[in-house]
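J.: Here is how the chains run, residue by residue.
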Amino acid sequence: MNFKKILPQLLTLVVVILVFGFFSYNAQVNMENRGITFGYGFLSQESSFDVQFSLIEYDGSHSYFRAYLVGLLNTILVSVIGIVFATIIGVVVGIARLSNNYLIERTAAIYVEFFRNIPLLLQIFFWYFAALRALPLPEKAEPIFGVFFLTIKGFFVPAFVWNNIDIFTYSVIAAIIAIVFVRLYAKKKQENQGIQTPVLSISIGLLIILPLLSFFLGGVDASVEIPVIEQLSKTSFTFKGGLKLPPELISLALALSLYTATFIAECVRAGVQGVSKGQKEAAASIGLTPNQVLKLVVMPQALRIIIPPTTNQYLNLTKNSSLAAAIAYPDLVLVFAGTALMQTGRAIEIVSITMLTYLTLSITISIFMNWYNKKIAIKEK
Amino acid sequence: MNKLNFLSPDKNNLYTYLYPGIGLFSLSILIVFLNSFFSLDLTSFLPGTISYFLPLILGFIGLHLIRIEYSGIKFLDIINKNINTNKFNALLSLLIIFAVIKSLPPLLSWFIIDANFAGDSKDACSGSGACWAYIKTWFNRFMYGMYPNAEQWRINLSFIALAFLGGVGFFATEKFKKYLTLYYVVVYPIIAFLFIFFFISGGPIFFDFSYGIIAAVISIIIGFFIPSKFKMYYFLIIPITIYILLKYVFFYEELIELGKIQAFEWVETGAWGGLSLTFIVSFFCLIFCFPVGLFLSLGRRSDLPIIKYISIGFIEFWRGVPLITVLFMSSVMFPMFLPEDMFIDKLVRVIIAISLFEAAYVAEVIRGGLQALPRGQYDAAKSLGMGYWKMHIFVILPQALKLVIPGIANTFLALVKDTPLIFVVGLLEIVGMLNLAKTNPEWLGFAMEGYVFASIVFFIICYAMSKYSYNLEQKYKTER
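If you read the protein sequences in the order shown, they are chains V and B. So in the numbering used here, the last spot in the first sequence is 381, and the numbers never skip. So in the numbering used here, the last spot in the second sequence is 1480, and the numbers never skip.
A couple of the hints might just be wrong.
Unchecked claim - If you anchor each label on the Cβ, the simulated ranges turn out as follows:
| # | chain 1 | residue 1 | chain 2 | residue 2 | range |
| --- | --- | --- | --- | --- | --- |
| 1 | B | Lys1074 | V | Leu296 | 58 to 66 Å |
| 2 | V | Ile204 | B | Pro1406 | 34 to 42 Å |
| 3 | B | Ile1057 | V | Phe148 | 28 to 36 Å |
| 4 | V | Ile226 | B | Ile1460 | 23 to 31 Å |
| 5 | V | Gln279 | B | Phe1117 | 35 to 43 Å |
| 6 | V | Val199 | B | Leu1384 | 51 to 59 Å |
| 7 | V | Leu356 | B | Tyr1378 | 54 to 62 Å |
| 8 | V | Gln279 | B | Ile1057 | 48 to 56 Å |
| 9 | V | Gly21 | B | Ile1213 | 28 to 36 Å |
| 10 | V | Val199 | B | Tyr1463 | 24 to 32 Å |
| 11 | V | Pro308 | B | Pro1105 | 57 to 65 Å |
| 12 | B | Asp1379 | V | Ala174 | 41 to 49 Å |
| 13 | V | Gly41 | B | Ile1213 | 46 to 54 Å |
| 14 | B | Leu1030 | V | Ile226 | 55 to 63 Å |
Derived from the structure by calculation, the hints contain no laboratory data. Just so it is clear, the structure is predicted and the values come from calculations on it, not from any experiment. Backbone N, C-alpha and C fix where the C-beta goes; we use that ideal spot for every residue, glycine too.
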């Protein structure tokens, strides 16, 4: 140990401790002056505020912790919707960017350049305040395929009413487990005997057949509830029955997926371009069919390049979903760091919980990603 | 004469296929064009569905007939190669062409033909198109926020001066080129700060920061004459001593009174806004986040465990939380951490928050560049007897930073796109001003125009930045 190595470390440590000490001392003094005590006990108190849109049962008589859960679930909901659509659009556009058709390539390029260069918040405002406000009132809405209604008050879609939903769920889980086994078996067979098994068609078949069996044998029954227009007062109409997707959710999901898709498209393009031409030619020269070249040689290598930055984009999307607060979609930030903070005045506790939640989410995904990266990394001898 | 087979056109009867092919293709485009621009339906005598799909069918057959490889006609080959390689591509090309033709008239009429350009009240906008009079009336607010009209020349002058001073680097002669880095990293930010503080804000002449600048300048001048062996200790102690001397000893009462004189009217930061605020916030965050990020990335790769883990913790914390919660923290939680009598301006808090946030991202980008350098570079530098700082400043960083230009440009772009979020603390830059104008009772119902305007503004800024970074990347690309 020499002096030159210890001194800077000691200095840094002292500075960090001093800063933290200064902050926490002030926080203590300030809280004493305002007569608040630090603690998380308020979480079990009655919240006495309502939330517009919630996945679990919630009203003012529930606790602040329940309000936190409502916000968290709404955040997860919009993130999952956004991730699904961003992936679909991103992959399609990314492949279109590689097309040899000039018009398609240009269209995709214009889309990417345009949507990635406009702030996400502006896009959310655009969809919410400009585009979706141009939709018709419920009483004037034209049905789409007879059952969907796109109105200014939200998107009304038919809902399923289930009997014995648990058996149906079990059948889906069983199908997924069966698919995992089929894949393992196929891989073993491929490695031992070099014979390919049509895994994809078997998987799709399993996913259809097992749930279907549950309908016929397990007594599962589903009926569809179609939204019907209802008059609330002389001028106000709404739809009853079915599922209502509020305009906040739609515009947020739309903006998030269109924005993130541009980045995913670039990841996909970079990934496919990153596989060297020699790899494809080598694979073709040992007699693999074009499909096999894609499946066994190009895709595994391209995915290795595509997946890490794409997960990063998923993470960004989840964090960006906090912009929901700007259009009053009741996500974690709006419900908890907004309304609950306003009511209790417990700035330190609430902001710290909110940040910790996002931090946990990010770090979990990062740890998983590091593990995955190690798993798929090229194993050099 | 060869047999004609319309299912597989070939080179032999080229013109027999070509003329009907081009005819059908042109006819399909003509039908769509007349339909969308002049609402003329040429095919109305046919049943609805067939009439609707007729252009697509005609165009598809037409493209099929002209799909002849190596025809010898240059123009035809270019078309075939680019939009007509197979049936699927032909269909997609047709769909895109039709979509463009169909969407042009409504867009044109909304943007230009039916739009209102003149007038200064809502009544002027009677047409069905866009109301550009709205943008014209509010233009001043979108650019300068609530900044007093009579004082706006201060913002203009500062921006022009700063742009001019920033552009000096392009015209520097060889002799001065070596000082450019010093100029941009140290001198320029200080000048920019003084402009913003004296001019745009209208602050007093002497304040802590100006003592600091004087102290720094004096100590740098003396520093030239100090032997390099003692330089580190000198720069640790002397500037602070001079600063204290200046502030508490040399400046007499009268001088302090003089320093309180304000040359310009004070405009509080709450009144700043519009596009100029976007520029100010992104400019300062850009200046601050780069050095912080640089030190963090070095810290993360350091062998000293305490510095390493503090850096990792710092970076991972800021990267793990959304910016909006950081801004929430700076507005509601941070004041709790300060002594009661201490007040930090809203804008300063926001700039610090965004800078720290983006610094974590910059750090990760630079770390990527540092990791990409081969180990030999470090070993070679060490074998020449270079110390840690010499090695990094002269060997490692110039190469690593060159590698990460695209990544840093992306982070800066993200920073510019993140500035609208400052609405959380009540600062209204251009998007915030739009939302304010939208709720003005005299101008209700023009949300679309506002957002389209702001989108175009941001698109121009961000697109120009990304093209510039691409140029930089090409310019500094070195063969390895």
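J.: Against which earlier hints does the structure fall short, listed by number upward?
T.: 1, 4, 5, 7, 8, 10, 11, 12 and 14
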